[in-house]
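*Asks:* The lines below spell out each chain.
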Amino acid sequence: MAFLEISHLTKSFGGKKVLDGIDITLEEGKTLCLIGNSGSGKTTLLRILDFLEKKDGGVITLDGKTLSGNEKLAASEIAERRKNFGLVFQSYNLFPQYTVLENILLPLKIQLKREIKEETRILPWRERGQAFQREYASKLREKEAVVEGILGKMNLLAKKGSYPYSLSGGEAQRTAIVRALALQPKILCFDEPTSALDPRLKSEIAETILALKKGGTTMIVVTHEMAFALKVADAVIYMEDGKEIESGDASILLHPKTQELKDFLSGEAE
Amino acid sequence: MSFSEVTLELLEGFGYTCLLFAVTWVLAVPLGVVFCRLSLSKSKVLTKVMQVFIWVIRGTPLMLQIIVVFYVPGLLFNAPSTSRMIAAIAALVINYAVYFSEIFRAGYQSVSKSQTEAAEVLGLTRWQIFTQVILLQVIKKTIPPMSNETISLVKDTALARVIAINEVLMAAQTIVSTYAIIWVLFYAGVFYLILNGVLSILLKSLEKKLSFFEA
Chain A
1 MAFLEISHLT KSFGGKKVLD GIDITLEEGK TLCLIGNSGS GKTTLLRILD FLEKKDGGVI
61 TLDGKTLSGN EKLAASEIAE RRKNFGLVFQ SYNLFPQYTV LENILLPLKI QLKREIKEET
121 RILPWRERGQ AFQREYASKL REKEAVVEGI LGKMNLLAKK GSYPYSLSGG EAQRTAIVRA
181 LALQPKILCF DEPTSALDPR LKSEIAETIL ALKKGGTTMI VVTHEMAFAL KVADAVIYME
241 DGKEIESGDA SILLHPKTQE LKDFLSGEAE
Chain B
1 MSFSEVTLEL LEGFGYTCLL FAVTWVLAVP LGVVFCRLSL SKSKVLTKVM QVFIWVIRGT
61 PLMLQIIVVF YVPGLLFNAP STSRMIAAIA ALVINYAVYF SEIFRAGYQS VSKSQTEAAE
121 VLGLTRWQIF TQVILLQVIK KTIPPMSNET ISLVKDTALA RVIAINEVLM AAQTIVSTYA
181 IIWVLFYAGV FYLILNGVLS ILLKSLEKKL SFFEA
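Keeping their order, the protein sequence lines are chains A and B. In this text, residue positions in the first sequence follow the working numbering: the first is 1, and each later residue adds one. In this text, residue positions in the second sequence follow the working numbering: the first is 1, and each later residue adds one.
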């Protein structure tokens, strides 16, 4: 069984099918690139994986466990399952009132508080407060050190105290990547990570994603950049009107079989 | 009438003006949040009710609302007459809560939906998203329009004289009509200028404090 299996995924908006029976398999450590014109359903697929949209039908299985079948899920259950997928948005979506470091630490702090609260629940209530503070402070320091290490690798350490408005597009996007990575999702999803960037910054982000791939991160990347897809993809799916038209390894971008993909690629090349 | 006597009279009136302003502001802000929440409700009935309510309050003079709150309960239901101060405050609170709620609604809706989605993906609960991601951004966005409304409120307290509350303008008018001294009117204006000046400085400094980030 593959690491991620998506079968017969369907989704409609107001009677219009945006995903029409999509099947995807992805092995651990591999990178899948979803390509296709705007409105082909790529972003909707990522949003369904991250529980930002409800699917109409289909089953999503991750690491042997059914993540999303056709059952109704409680909010807490959704939050739990959502942890499996990190999402880096096209427009970064950093929180403007927090610095780079604070943006990354905010979800970690919340997660940490939840975990320690759970751990200290067994203690008598009088000891809980102190134990919580002690544990939280020490674990937060560890997390901060790890995050600063990642920021260093991403050339962002000097920017850790900067607010998002003062960052370049590339720096903001790398911050968003670190923020998603810090939660250690099983799969990291990117929604057109380079489309809002100029060519120099595009290659900067491409290098970052390539480094993640080499590090063994499992990724799903929605992209319009064919050169970038050729570099990073282990698998490629070309979508049109919510349907999977052609799939295979990255070589389909060089030797497409279907006329639709040929037309799409020739359009992209122009 | 000497300058010091006039000052004492106006100061007494100014006390009522400050009281009307402060109590109204303190009550209208939380009520505005409640109205805003109701306006953004998923229930279509509730949003329609709020739309009509907001239309009525914004579409009729505040002076009329003060008169209605003061006289109508007594005339219609034979209820004991409401205290003048309570009636004026109630009308001002409802009126300003409506205006504040519209400012909050616009501010809330302008904070991009994608901020909420980003926070959801990062595992924050709805409450955490509101308190730790959205709230400060909404406050920042709503300070300039809230400053305008706050200054308008100071001036609108003068409408309470319609039910004979002796706020600063009524105190001045009484002196003018009794002693025929014109300068008292300008002197009364100074009281409004001082209060609005202090509020402007406070609100500007809050705005400056939040200028560390761009929302």
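Be a bit skeptical, because a hint or two may be false.
Stated by the list, open to error - Derived, one-sided and incomplete: chain B residues facing chain A with beta-carbon distance under 7 Å:
id	residue
1	Val29
2	Pro30
3	Val121
4	Glu214
Stated by the list, open to error - Only part of the chain B face toward chain A is listed, based on derived beta-carbon distances under 7 Å:
id	residue
5	Gly74
6	Leu76
7	Val111
8	Glu117
9	Ala118
10	Ile129
11	Thr131
12	Phe213
Treat the hints as calculated values from the structure; they're not laboratory data. Idealized CB from N, CA, C, for every residue including glycine.
*Asks:* Against this structure, judge whether each hint is valid.
*Replies:* Results of checking the hints against the structure:
Checking Val29 (chain B) against chain A: minimum C-beta separation of about 21 Å lies over 7 Å; hint violated. Residue-level restraint check for Pro30 (chain B) is violated (minimum Cβ-Cβ distance to chain A is 22 Å; threshold 7 Å). The interface hint given for Val121 (chain B) is met, as the beta carbon of that residue sits about 5 Å from the closest beta carbon of chain A, less than 7 Å. Satisfaction of the interface hint for Glu214 (chain B) is found here, the shortest Cβ-Cβ separation to chain A being roughly 4 Å, below the 7 Å cut-off.
The closest approach between the C-beta of Gly74 (chain B) and any C-beta of chain A is roughly 49 Å, which is over the 7 Å cut-off, so the hint fails. Taking 7 Å as the C-beta cut-off, the interface hint given for Leu76 (chain B) is violated, the closest approach to chain A being about 46 Å. The interface hint given for Val111 (chain B) is broken, as the beta carbon of that residue sits about 10 Å from the closest beta carbon of chain A, more than 7 Å. The interface hint given for Glu117 (chain B) is met, as the beta carbon of that residue sits about 6 Å from the closest beta carbon of chain A, less than 7 Å.
The restraint placing Ala118 (chain B) at the interface with chain A holds, with a minimum CB-CB distance near 4 Å, inside the 7 Å limit. For Ile129 (chain B), the suggested interface contact is broken, since its CB lies about 10 Å from the closest CB of chain A, more than 7 Å. At a threshold of 7 Å, the smallest CB-CB gap from Thr131 (chain B) to chain A is about 11 Å, leaving the interface hint violated. The interface hint given for Phe213 (chain B) holds, since its Cβ lies 5 Å from the closest Cβ of chain A, which is under the 7 Å cut-off.
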